Structures are given as structure tokens and as C-alpha cells.
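Throw the hints in and build the complete structure from the sequences for me.
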Amino acid sequence: MTTRTAIPLVLLALLGTAFFTLFAGYVPDAELNRTAAYYANQTVAETGAQNVVTAIIVTYRGLDTLGEVTVLFLTAAIVGLVLAHSKAPKGRSGSGFLPSGELLTTGTRMLVPVILLFGAYVFVNGHLTPGGGFQGGAIVASGLLLMLLADPAERFSHGLISRIESSAGLTYVILGLLGMILAGGFLDNRILPLGTFGSILSAGAIPLIYILIGLKVGAEFSSILTSLEETEDAE
Amino acid sequence: MILIQIAMLLGFALILLGLYGALTNRDIIRMIVSFTIADTGVNVVLVSVGYLTGREAPILDTIPVADAAARITDPVPQALVLTAIVIGLGVTALMLAYAYRLFRARGSLDISDYTELKW
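These protein sequence lines are chains V and B, in that order.
The number in the working numbering is simply the position in the first sequence, starting from 1, with 3 added.
The number in the working numbering is simply the position in the second sequence, starting from 1, with 1215 added.
Think of the hints as simulated: they come from the structure by calculation, not from any bench.
If you anchor each label on the Cβ, the simulated ranges turn out as follows:
no.: 1; chain 1: V; residue 1: I177; chain 2: B; residue 2: S1327; range: 43 to 53 Å
no.: 2; chain 1: V; residue 1: L204; chain 2: B; residue 2: R1321; range: 48 to 58 Å
no.: 3; chain 1: B; residue 1: I1326; chain 2: V; residue 2: L114; range: 35 to 45 Å
From chain B, some residues computed to sit far from chain V (all C-beta separations above 12 Å):
no.: 4; residue: D1242
no.: 5; residue: V1248
no.: 6; residue: F1250
no.: 7; residue: T1251
no.: 8; residue: D1254
no.: 9; residue: T1255
no.: 10; residue: S1323
no.: 11; residue: D1325
no.: 12; residue: D1328
no.: 13; residue: Y1329
no.: 14; residue: T1330
no.: 15; residue: E1331
no.: 16; residue: L1332
Predicted model, so just to flag it, every value in this text is computed and none were measured.
For each residue, glycine too, the CB sits at the ideal point set by N, CA and C.
In C-alpha cells:
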């Protein structure tokens, strides 16, 4: 019994020592390193985006983001697969729950449109303000979560969710391929004019790509939420 | 300077706390919660590495474009952490789904009831 408590502590002490040496030897940079300085100097000229982080995610490391969205899609698919055996029979799910009450139901009806609008605002303005497709998609899915909390028997159309998800993904890849044909390379945002710096219709294809990412991420999160919610003990 | 160190210490503390929780708890749900705490700690450390004292967020709305390189913090760790947060969410969702399957298979969420991979 003593070894069982001692082993984790020894492991953590070793890891803590490693962390401490890292921490003690860490000297913060005074200047940006070369990569970061390149992004800081070239982002506006090359992509026209105000938010440097967005330019990195959508354009400079766009392939990485495509991979990330794919990982998220795989997660949603695997969660659906793993939980498929435990799916509640149609029309029966949620029947065991107490009704959620007037306050929550009315509050949900009032808040969900605002939450969806805010999510859309966050992913449309991703190239200008903090935020973007992933954050906006998460906000949209949180609106859906609120609806599920208010009415656990509520069912969302899996067909609609997967259609939004797959068409957004397909358009994303097509936009990337268009970048190879019309501009400098895969996912190059200069297939559209860069526009006036700082306006909503600027930065080439970045707003378009971020809207697609927002829709895709929102649909993927929603699909994870609905598969988790539809799971019920069959007894 | 001091801000970076506070953030970094907090991040390392969260990592250690999360791993301690994952190693000592026998309940699978608690282990999943511990992993998300450790995950948050990694993100905090990564962001703190990209912070440069006295500089602003890498959004060029009030900062003139010409001296961007002298006034913004490092944008690369922030982009990486955005990726890490999303993947962390995916991993958490997967762990929860598998935990549910384990519960359905054996009727227990105690890790000591699952001895197949023990040696």
C-alpha cells in the first residue's frame, strides 16, 4: 500500500525537478524570434489580415488547420461509432427526465438566437478581432447545448448536421485547391482581392475560409453533443 | 518578467496537479477531469512562453503596421495553443465515450476492476 502511494509522488517529484530546471533557466526573449518577426512584418502585406494569429492559422499554417479539422471530424465520427450501440430507442429518450421548468425553457428561447448570432459574429470577424472559426463554432454548439439542457427529448437532424459538416469541408478543400491554381499555393488567400485593410471584406479568402471552419467545427461539436446526449441506459 | 513567471509556475503546477490526480484517483471520470487540468496547464505554459514584457496582443488595429514587430507578442504559440485546445476537447470527448462503453461493459467506473492489461 505504501509503494502504491509512493510511486506517483516519486514520479511527480522527478517531473517537478525537470520543470523547475526549465523554469529556473528560462530567460524571456527581448525581441521576437525570426519566424515571429517575419509574421509580424509580412502578414499585412501578404494576407491583409489585421489579426496576425488568424493569418498564421488560416494561411501560413493552413494545411495544419485542415488536419486539425479532420482530427475533430474523426473524433466526432468515433464518438458516434462508440456510442451507437447504446443509442436510446426512437421517441423513448428523455422520457425519464423531469420537465425543465418555465424559467429555463423561456430563457433558452430568448438566448439561443442571440448565442447563434454571436457565434456567427465571432467567426465572420475572425480576421479583424480576437476569435475565429473554432471559437465561433464552439459558441454555436454551446447554443445547441443550452437547447438540449432545456429539453433533453429534443432531437436534431443528424442528416442536416452531417450535410453542413461535409459540404463545409468540401468547399474548404476546393478553396485550397483554387489557391494552387489562381495564386501561390494550397490555401493561399489571395484568390480574392485583399481589399481595404481593416474592413470586413478584406484579407482575401480568409473570412470565407473561417466561416467554413466555423460551420464545420460547430457541426462537429454539435454531432459530438447529440451523440453523447442520445446515449441512454437500455437496462 | 514577473507576469511570465507567475503564469509559467501556474501552468507547471496545473500539469503536476493533473498528473497527480490521474495517478492517484481510481475513478475513471476523475482521471478524465485530471487529464483536462493537466492539458490546461500545458496550454498556460505555452502561452506564457510567447509573452514578451510590455507588448500587446498580435492584432494590428491600434498598432501601426510599420512597428508591429516591436510592439506585439509572439503570435506563433497562440496559434499552436488554439490547435491544442481544440484537440484537447476532442480527446476529452473520446475519453468520455470510452468511459461510457467501459461502464456499460462491466457496470463499474473503478479502474481496479479492469485488470486485463495489468502485469
